[in-house]
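Chains as they are written, first to last, in our numbering: chain A, 1 to 305; chain B, 1 to 162.
Hint data in this document are derived by calculation from the structure and do not stem from the laboratory. The beta-carbon is built from N, C-alpha and C at its ideal position, and this holds for glycine as well. Any given hint could turn out to be false.
Calculated lysine-lysine pairs in the DSS-like style (CA-CA distance at most 27 Å, straight line) [what the hints assert, rightly or not]:
hint, chain 1, residue 1, chain 2, residue 2
1, A, Lys-170, A, Lys-160
2, A, Lys-24, A, Lys-160
3, A, Lys-64, B, Lys-22
4, B, Lys-22, A, Lys-21
5, A, Lys-64, B, Lys-9
Far from chain B, by Cβ distances over 10 Å, these chain A residues were calculated [said to hold, decoys possible]:
hint, residue
6, Lys-100
7, Trp-159
8, Phe-176
9, Leu-258
Estimated spans, in silico, between C-beta atoms of each pair [claimed, not checked]:
hint, chain 1, residue 1, chain 2, residue 2, range
10, A, Pro-188, B, Asp-34, 43 to 51 Å
11, A, Glu-10, B, Cys-104, 21 to 29 Å
12, A, Asp-219, B, Gln-146, 54 to 62 Å
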Amino acid sequence: MPPTYFSDLEGIIEFEYIEPKTTKEACSLRSQYLERAKVIAGGTKLIASIKQREINLQYLINLKSIPNLEYINYEDEEGLKIGALTTLFEISQSSLVNDKAKIFVEAVQQRAPGINRTRWAYYMATIGGHLCHPVSSADIAPTLIILGAKAVVEGLKGWKTIPLEDFFDKTGGPTFQNDEVLTEVRIPKQSAEMGLVYMKSSSLLDSPALNVAVLLQLDAKHVNIEELKIVIGGITPQPLEARGAEALMKEKPIDNDLIEETAHAAAKEVGEGSDPETQERAKELIEEAVRQAVDRAIGEFALGY
Amino acid sequence: MEIAKKILKVKVNGRPYEMLIKPKTTLLQLLRNDLGLTGAKQACMDNSCGACTVIVDKMAVKACSVLALQVNGREVTTVEGLASRDGKLHPLQQTFLDFHAFQCGFCTPGKLMSAKAMLDENLHPNEEDIRRDMEGNLCRCTGYKQYIDAIKAVAQKKEGAK
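Model the full structure from these sequences, guided by the hints.
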């Protein structure tokens with residue numbers, strides 16, 4: 001049956017609904033049913049995909065039945081810990097996240113246009129679900145990557161942490177195995193002296209919405225750039241870090257031409273294979289974001305580069 | 001394969017229900033077909049129009065795109081539960097009437113529920129807040145100005161009453 005509007009779930013085949021009580025149980029269900037099972041958290045993307053007949057399933061595993069996966073904690077040593085089932089609404093309202101990782105809240109609040117900006121998705125969507133879905137992960141993952149966030153993944157054999165930059169495969173989906181479940185996102189404590197910027201452009205006709213997250217840290221004398229991270233989402237399904245372009249600016253003093261050159265190189269690096277117009281848009285966005293990051297890193301010494 | 005029905009316990013407009021349902025039943029189907037509450041409207045069914053908006057606990061959700069089992073153990077409020085039991089309209093309903101904030105009225109139940117969730121959560125919304133938060137509720141008659149004015153008026157009245 002082709003995808004139709006005005007359609008409910010009536011036309012699709014029945015599926016079994018399973019509510020595991022522990023993450024171990026969820027992992028064993030996933031490994032047992034493999035492709036036949038889908039995992040639901042908030043369901044904002046999944047229900048739409050089922051309706052559009054993009055996925056077929058025989059088993060639906062509701063992670064919300066597992067207790068203690070919705071929390072936001074902070075410890076000085078390990079930083080922010082956010083449970084995978086915490087909703088984007090709770091994150092954006094949390095004074096802890098606003099205080100410790102404001103840039104992440106900015107990204108959450110500028111979610112993809114369309115359904116993601118409605119109150120419905122805001123309340124239902126979870127951080128875990130968002131990161132495990134190729135389209136929505138592009139929105140929030142770049143900020144998490146520049147903050148050095150890690151994903152905590154639990155499996156049948158135990159748990160492990162995966163740096164967010166290694167969390168996505170080429171399709172934009174998570175790299176973990178079929179017997180694993182994402183349970184937590186950790187954001188380490190940040191240095192106060194960093195310039196963090198998140199910027200997003202809206203989509204234009206066939207061109208995708210692009211977003212870029214930049215982290216820039218100056219040395220103690222406020223002269224040379226000590227650390228720079230530029231991560232772009234929206235060009236490819238997975239977020240990309242422009243490592244080559246970052247190297248151009250590191251250990252060098254702030255310079256107007258260098259910012260332009262770096263933005264150009266970054267857009268070329270991550271935009272390889274995409275059309276020139278997208279690359280140009282990416283370049284403009286990156287350049288603006290790097291300039292703002294410089295301003296924020298210099299803080300009150302801002303010279304208006 | 002015989003699919004087992006699941007037990008759903010839910011409170012709708014203050015009234016508790018316990019029933020056996022198919023896992024693929026959406027919240028909208030449950031409300032309209034099983035409980036006879038037709039205030040939430042069936043329209044786009046792909047979560048873009050907002051005509052089916054209801055409140056789950058304190059959250060405005062689009063009932064067409066939520067499984068009924070996802071609200072197991074929660075409390076649902078539909079437009080039918082907005083007025084008080086003696087028939088007195090909710091301030092939002094009354095102000096929508098006073099401001100002629102609807103034309104054909106099809107989208108109104110969804111708008112009322114979105115607006116209620118917003119006002120319950122944010123007591124001082126400015127026009128920008130209202131426009132952003134009501135973005136998920138479309139009106140094909142394009143009567144947008146009146147209901148934004150109506151919501152603003154309710155918000156101001158609430159603020160004055162504090």
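Hints and how they fare:
1. Taking the CA atoms of A:Lys-170 and A:Lys-160, the gap is near 21 Å; set against the 27 Å cutoff, the hint holds.
2. Under the criterion of a C-alpha separation no larger than 27 Å, the hint pairing A:Lys-24 with A:Lys-160 is consistent with the structure, at around 14 Å.
3. The hinted pair formed by A:Lys-64 and B:Lys-22 meets the criterion: a straight-line CA distance of about 18 Å does not exceed 27 Å.
4. Only pairs whose Cα atoms come within 27 Å are accepted, and B:Lys-22 paired with A:Lys-21 is accepted, the gap being roughly 21 Å.
5. Of the pairs offered as hints, the one joining A:Lys-64 and B:Lys-9 holds, with about 16 Å between alpha carbons and a cut-off of 27 Å not exceeded.
6. No beta-carbon of chain B comes within 10 Å of the beta-carbon of A:Lys-100; the shortest separation is about 23 Å.
7. Every C-beta of chain B lies more than 10 Å from that of A:Trp-159, the closest at about 27 Å, which supports listing it as non-interface.
8. Distance to chain B confirms A:Phe-176 as a non-interface residue, since its nearest Cβ pair spans about 24 Å, more than 10 Å.
9. For A:Leu-258, the requirement that its beta carbon stay farther than 10 Å from each beta carbon of chain B is met, with the minimum near 37 Å.
10. Checked against the hint of 43 to 51 Å, the pair A:Pro-188 and B:Asp-34 passes, with Cβ atoms roughly 49 Å apart.
11. A hinted range of 21 to 29 Å for the beta carbons of A:Glu-10 and B:Cys-104 is consistent with their spacing of about 26 Å.
12. For the pair A:Asp-219 and B:Gln-146, the supplied restraint of 54 to 62 Å holds, since their beta-carbon distance comes to about 58 Å.
In this structure, every one of the numbered hints holds.
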